[in-house]
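Enquirer: Each chain is listed here by its residues.
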Amino acid sequence: MRKFLFATVAAALCATTAASEVKIGMITTLSGGGAGLGIDVRDGFMLAIAQSGRDDIEVVIEDDQRKPDVAVQLSDKMVQSERVDIMTGIIWSNLAMAVVPSVVGQGVFYLSPNAGPSQLAGQGCHENYFNVAWQNDNLHEAAGAYANSVGYENSFIMAPNYPAGQDALTGYKRLYTGALSGEVFTQLGQTDYAAEIAQIRASGADSVFFFLPGGMGISFLKQYADSGVDIPVIGPAFSFDQGILQAVGDAALGVVNTSQWNKDIDNPTNAAFVETFQAEYGRLPSLYASQGFDTANLLISALEVADPSDGDAFRDALRAAEFDSTRGDFSFGPNHHPIQTIYAREVIKEGDVYTNKIIGVALENHADAYAAACKM
Amino acid sequence: MRVKEKHVNALVIIGLIALPLFALISDEPFTITLATRAVILALAAVGLNIILGMGGLVSFGHALFFGIGGYTMGILAYHAQTYTTLDLGLFATGGTEFMPVIWVVAMVVSAVLAYLIGLLVLRTSGVYFIMITLAFAQMFYYFAISWAQYGGEDGLSIYVRNDFPGLNTLVPIQFFCICFVILCLVLFLKARLQNSPFGLALNAMRQTATRVETVGLNPMKLKLLAFVISGAITGLAGALFADLNRFVSPTMFSWQLSGELIVLIIIGGVGRLMGPVIGACIFVALEHFLSGLTEFWHIYLGLILLGIVLFARGGVIGLLTGKEGAHV
Amino acid sequence: MSDPILATRNLKKSFGALIATDDVSIDLKAGEIHAIIGPNGAGKSTLINQICGGLRPDSGSVALLGCDISDYSTGARARAGLGRTFQISELAMEDSVLENAVLGAIGAGAGPWKFWKSALKTQGLTDRAEAALARVGLSDQRDMKVANLSHGQRRQLEVAVSLTLSPKAFIMDEPMAGLGAEGSKTMTGFLDGLRSEAPILLVEHDMDAVFALADRISVLVYGKIIATGRADEIRASKVVREAYLGDAA
Amino acid sequence: MSSILVIEQILNGLQFGVMLFLMAAGLTLIFGVMGLINLAHGSLYMIGAFAAAAVAGATGSFFLALVAALVAAAVAGAIVEMVVIRRLYNAAHLDQVLATFALILIFSEGTRWVFGSFPLFLDIPNALSGPVTLPGGIQYPLYRLTLIAIGLAVALGLWLLIERTRIGIQIRAGENDREMIGALGVDISKLYTLVFALGAALAGLAGALVGAIQSVQVGMGEPVLILAFVVIVIGGIGSIRGAFIGALLVGLTDTLGGVFLPEIFKLFMDSGAAQKSGSALASMSIYLLMGMVLIWRPTGLFGARA
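Note that the protein sequences, when read in sequence, are chains P, W, F and X.
Using my numbering, the first residue of the first sequence is number 448, and each one after it goes up by one.
Using my numbering, the first residue of the second sequence is number 70, and each one after it goes up by one.
Using my numbering, the first residue of the third sequence is number 9, and each one after it goes up by one.
Using my numbering, the first residue of the fourth sequence is number 2, and each one after it goes up by one.
It should be emphasised that the hints constitute simulated quantities derived from the structure, not laboratory data.
There are no misleading hints in this set.
Quick list of the computed label-pair ranges, beta carbon to beta carbon: (1) X:Gly-131 <-> W:Thr-151: 47 to 55 angstroms; (2) X:Val-115 <-> W:Leu-239: 38 to 46 angstroms; (3) X:Ala-59 <-> P:Asp-697: 17 to 25 angstroms; (4) P:Ala-819 <-> W:Gly-163: 25 to 33 angstroms.
Remember, predicted model here, so these are calculated numbers, not experimental data.
Backbone N, C-alpha and C fix where the C-beta goes; we use that ideal spot for every residue, glycine too.
Use the sequences and the hints to build the structure in full.
Expert: Structure follows, in structure tokens:
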């Protein structure tokens, strides 16, 4: 009786706001530099929610401005005031590190649509934390594996001097078996790579691996193409994503990059996703959009089975990952990070639009290197 | 209607007590977090206002001390939580999670840095001072980004707040109380300082350094001490801010943050005791409400700031009291 | 004759080709008013600045009470006993009259390293400040903002601030400037009585005041002292007439 | 390390320096004549780049893109001067900092509102793309050589403008004595608008030129702005000559520091650590340079003595 009474009161209270049963908090970057990534994740995520036809899911979206302190406060707001059941959305590793540990510690589920810092995959893993994108090292490892497969033996490697950059070079070196002709850390936010390109030219390398997210990658590729150096370049998908390829232009043509997703992966889910995304938003979906889309579908699949208030059941439902991923096969490893195939893609031009085409598999059913350290 | 400045001040303090209490009753803990953020930013700006408002020197690099305070807290707590030793060359310590100790260390480190940096930067004035303070903050910013041991760009998470005897600091209202009491204490000390012989001399120094010299005082020493006090208070605020977020990162050193601290002061009113407090409350409120309205809220924030500079000289306090007040 | 309170020896200062102060040696004896006159651009301000420490001379020295203060900073010279007033008022315009006088008292007293007690409630400071204000006749204006004072009152406050320092010697740069006939008369009377307290090095354009007050007059032309003597001697001096008073005489 | 590499890096530093000069010249001119600190100068750089990208996208002509960048930045500058900046000439530095800080917010988000959140495309014109071989066998991009040439030409042009023309006389008079230009019978407010628009146009030009080899995106102006401030502070605020010397110093320090510091560190530590600490120090090097210059000369190399 008391329980029933409580339920009616709660229902009466909720009626004034919205008739939702599941509340999802999304903190992502929607303004300032890097907003493109957050917008893609949001759009992909919301597309899946809309397609599910469920009107009992409420998504609260907030803009973190790519500032860690803002993200932390928004997460406090999500947990304390909005009382969300599940959180998602963060793009950047440093923001994730600031937010995720305390959020999952408070009993909220967190599904990462983009960032996968190594700490959260290894010792710092948590039963309520699921990564739907990749562990940060994955695409770099794939690049190293690809370099082996095409016989590169002397790579010049380069990344900004910050933790994700240092991880990128470590990730590449983990599987790459050749020698290094140079290893350079650039400044974060650097826009001119003339000095590095000169070093590459002088290094005698047979391949260049770089990790330069966002505008840094655009600048590097344009300058590299103009420098006349013709050593082949490989990199993770971040610098060749749909959102920025148009700004790189011809300079990116033919470059091989590694990604767990591409719009030409042949499965019905993906084909439908690419088509509906384009219809809805008038642009081709990016890697980030696919990750947002997958995250939402994973979530919905778990909601079909269990309610988030029943933590253990819901967690098991998430772990099962019974959803149709745009990537095809998708499953979670013991540390709740994906086990998935990573492809090598090449940048091509389709009509007026620059995009990617899969040219091969870099790593099959690949898990991350930190799972062993995770005690869950 | 014109009101007296002290009434405005009293109203602000009452508001700052009432809002979190109201939030507590209506169970809106996030409002308390917002109020705490405002209080801490206000504290940092009160520190900046000593050198900027009283001393007339526009420091565009005060985020440096904010960041130093934050990192002091982060490093001490990190070593305490991981049971590792912090080797300082001369001696090694185990870090600490005890707030009062962290505060003292943050203030001392900030003060020592302010002294050393002040010796150099206070030789310049005007625009050069603005720019050289900016340069020092940028140096620390880039250093923090590449300081891998403490997280570099990723920053350093400490997961739980540090301890204060008798309180559970993770409860928003209790942490708010700590910050609020510190702010009141610092405001009280600042009020004393403002009227003390030192405050009077510093105030005169801003208006005419020549006069201060000809009565036998040393303007450089006055400025240096003001800079040290200013840095120490902002450092303390940095330590609290890091505790609020349970997280430090290089963005605490960023020039945008230095700019925001200046913005807070100007919104409230330069050289006024409560100027930074009012400025911080308004700024946090704007940030919160505008960002809820539109994705492009920075445009509106910019327009509002522009309006304040062009049409409300003397800040909000100046607008309310009808006096422009001290202007640098 | 006793030693001079203040003495400069062979002060030289040039700005590029322009020699602003050329080998100037003057002294100020106890109880006297020593006026320095000269046409505009003669180097009077440059000379005062070298005495008070705002400018470094190229060569030469300044001594106060027999002690060489050439290497002292402006502040140190003030603490050693130089009380200066400015041609254009150097006052904290946003502050009250009393606060400006208290600033002097802070400099004269224990210094600014006190952070707790309100300066305006520290009796030692306010007594000293109010005494100085009373002497120049500004007691009634003590709570006014300096920005709201009349020009003449600011001149008085300039003098009052230097009084709070109880200096060994006054250096006054045109205290009569812009005072009007009535004001000049009051100021002349006041300075007349002040010389027994500490001697005054007076730079002044108001010739009536100079001839009424000065025990000795030095004439500075193109950075050189061309004559020093009693008022009547200067008035009679042919050199001075030619070089300075010229046609006007 | 070969001498070819060293020369190439010096060229890179030079190229970076002259582009910084385009930014710094406008800033220092505006400060010298009007006494204004313009934090929004970086926004004008961004406007130039976006205008160029938009026009290049529509017409395919790089030349038209450059013209568009100049015009757009100059017009934006003139409008900002007339609407906002004009009210700030007699204001405290503090108000100027705040108002122009507000302008950055408005410009950045406004640009994002118009052009979206994704970077725009702007490419090097075909005629200038690819490397050329310099004497000594150095392969160097033609476009970068062009940038160096344009930068030097603009420096020369500015020098002629200021030393040899009527407007130059007015500008110099304004730097020395603001009342004086009024006495000369010059329309001050027109002169101010003109100088501001000129400074803005230089920033816009730099944005367009650099945009072709970098990423045209919102927020691209702020890092350059801070560097330009470092430049004019080193050179002495208000001095065009100082801005030129300062820009080259900063360009060379930044480029050569980034390359050689890690190499130097490798002499006494292992390679990985040397890379990290060397590049960490390199990122601080220009600020160290600025600190040292200001401690040595508190008003910069060519600044008026305070």
